[in-house]
Amino acid sequence: SQQGEEDPQALSIQEGENATMNCSYKTSINNLQWYRQNSGRGLVHLILIRSNEREKHSGRLRVTLDTSKKSSSLLITASRAADTASYFCAELNAGGTSYGKLTFGQGTILTVHP
Amino acid sequence: EPEVTQTPSHQVTQMGQEVILRCVPISNHLYFYWYRQILGQKVEFLVSFYNNEISEKSEIFDDQFSVERPDGSNFTLKIRSTKLEDSAMYFCATLPGLGQETQYFGPGTRLLVL
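Line order of the protein sequences matches chains C and F. Using the numbering used here, the letters of the first sequence correspond one by one to residues 1 to 114. Using the numbering used here, the letters of the second sequence correspond one by one to residues 1 to 114.
No lab work stands behind these hints, which were simulated from the structure alone. Here a beta-carbon is modelled for each residue, glycine too, at the ideal position from N, C-alpha and C. Hints are supplied without guarantee of correctness; some may be wrong.
[To be verified] What follows is a set of in silico ranges between Cβ atoms, one per label pair, in the way DEER data are often shown:
#, chain 1, residue 1, chain 2, residue 2, range
1, C, His-57, F, Glu-18, 46 to 54 Å
2, C, Ser-12, F, Leu-39, 15 to 23 Å
3, F, Glu-59, C, Gly-40, 21 to 29 Å
4, F, Leu-30, C, Lys-26, 26 to 34 Å
Bound conformation, chain F alone:
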């Protein structure tokens, strides 16, 4: 069965450094999302992406965050200058298309900012 993959599985970085989290969506899926989960807390929506542009972003998704799909396959989340509070699990999810209701989540990237 097709699945969403994410790399790396773990990333440790120093505060102020840039990180890029990568996601390979399921082929032919049209909607892409990033969520994050701070340890022990609920999963929070960050951003949705459709037709090569952001369709919605949460208040968490400030100017330090960006997303792109540079080669038509990988979907990346970049944090320009990481903060301690960015430490979390980041999940990529995809949806086949309009009218579909089941999202497919990747296994996540655990980011630790020191």
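One chain only, chain C, in its complex shape:
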């Protein structure tokens, strides 16, 4: 089954506004991670939330997890033009022989206009 489907696929906002991206998944998770990818570049780990956590903060990032709905959201507050990037949620496989394998969602392309 597909994991980590995000919405919206694309989000365009003005600098200073908040950006919310959502991710849904279909099976049980150990944790959910969010990554950022600048255009044509590698992935950078942003934040991780474990299955027994409901909310986590890191700077301007806030991530929530609702295991009953199998969904997570990433909120970027007071957005800046430099936040323009693609954002992906990913599930980590924490068991078996393929420890650490990440299964990524489709991603949200965020554009922050100055």
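Since the structure of chain C is already known, use the hints to place chain F on it.
Same frame as chain C, now just chain F:
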């Protein structure tokens, strides 16, 4: 801060040719991964590698693909006979060890098969 490096950054090849993509993992990391991202699509898992052997491979990772760590440092992905549909960004990622949850991604190699 230590980082994963990949070479080359770009590679253009003719269909049917062999390509080798190279990755230098972060020193002392134990788990290694290759992912690929076709333009405009999500990041897909290819293969995981631990203790000098493949621990899991995806259905994408067919007989044309192979990985090795020949000298204990470089981690390579070889595509024996490239196809047009192999055109993608290929990312190497590493994980320090069991129980660690944050993967470190290289900047990627953009492969174009003509």
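Results for each hint:
| no. | hint | verdict |
| --- | --- | --- |
| 1 | C/His-57 <-> F/Glu-18: 46 to 54 Å | 48 Å, holds |
| 2 | C/Ser-12 <-> F/Leu-39: 15 to 23 Å | 21 Å, holds |
| 3 | F/Glu-59 <-> C/Gly-40: 21 to 29 Å | 26 Å, holds |
| 4 | F/Leu-30 <-> C/Lys-26: 26 to 34 Å | 29 Å, holds |
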